[in-house]
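Make the full structure from the sequences, and use the hints.
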Amino acid sequence: MTATFAVHPRRLQTRLRQSALMALVLAVLTIVMLALPGAAKAHSFHVFALGDGNIIEGYAYFGGGARPQHAKLSVENGAGKMLLQGETNANGEFRFQVDHLDDYVIRANTGDGHAASYLLKSSELSDALPKASSNVAEIVVALNPADRSSDTVASFSTAPDTSASGSGENAASQRISITPEQLSQLVSHAVAKQVNPLREQIVAYEDKVRFSDIVGGLGIIIGIFGVIAWWQARQKISNKPQ
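Numbering of the sequence shown is given in the numbering used here, commencing with residue 156 and proceeding in unit increments.
Take these hints with a grain of salt, some might be off.
DSS-like, lysine-lysine: derived pairs with alpha carbons at most 25 Å apart [said to hold, decoys possible]:
no., residue 1, residue 2
1, 276, 236
2, 276, 227
3, 286, 276
4, 286, 236
Simulated from the structure, these hints should not be mistaken for laboratory data.
Have a look at this one:
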C-alpha cells in the first residue's frame, strides 16, 4: 500500500508568504546598506593642513569633495590655548603665519553640526623658528589664501670677493651670503613644495579606500544573507511532500 501525502493549502500559503517576506526584507536591507555609506561619505567633514616654513595652509572639505564656504576656523597651540579665530574663504581654504615652533590644532565648524580638526606637528615647520615656551606669547597671523605676497621669505645679501682684482672682476665674482637658518628655510620650502601635493593625494586616496572598504564589507554581509535565504528556500523545496 502506497501512502500519499498532500500539502495543506493554508500551510503552503504560509511558506510562500515567509519566502516572499524574506526576499522583501533582503531587498530593503540591501538598499539601506548601499545608501547609508554614500550618505555618510557625503556628510563627513574633514580638515587638511600643510606646513611650509612658518606658513600653515590647508582647507576644509566634505567627504564628497565639496568645500564649505566661510566655515568658522580656530587655531590652538599644543597646550590647547586659543591663538586665532576666523573663517575660511569661499573655497574652504585657510592660510596663516606662525612665529614659534609648536604643534598646532586647526578646527573648522560649519555651524550646522559638521565639525573637524587637524593636528599639524611641529616637525612640519621650519627648524629656524624659536621653540614655543610658556613664558613667551605665540602669535598667529591670518593671511589671504589667494595672496602669497605677504609671506615672510628669507632674504639674502651679496658680498664682494676681495680676492679678485679690478672693479669689473669684483662685480662678476660677487657671492651670495646665506645663513644656516636661511638655508634651512630654503630646503624646507623646496621639500614641502614637492611633498605636500603627494600628501594631499594620499589623504584623498585614503578617503576613497575607507569608502571602498565599507562597501566591500556591506557586500559580504548582503551575500551572507542571500546564501541564508537561498538555503532556506532550498530546504523548503526538498522537504515538500511528494
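Okay, the hints, checked on the actual structure:
1. 276 x 236: This hinted pair holds, its Cα atoms lying about 16 Å apart.
2. 276 x 227: 22 Å, holds
3. 286 x 276: Between residue 286 and residue 276 the Cα gap is close to 13 Å, so the pair holds against 25 Å.
4. 286 x 236: The given pair, whose Cα atoms are some 16 Å apart, holds under the 25 Å limit.
Hint compliance for this structure: no hint is broken.
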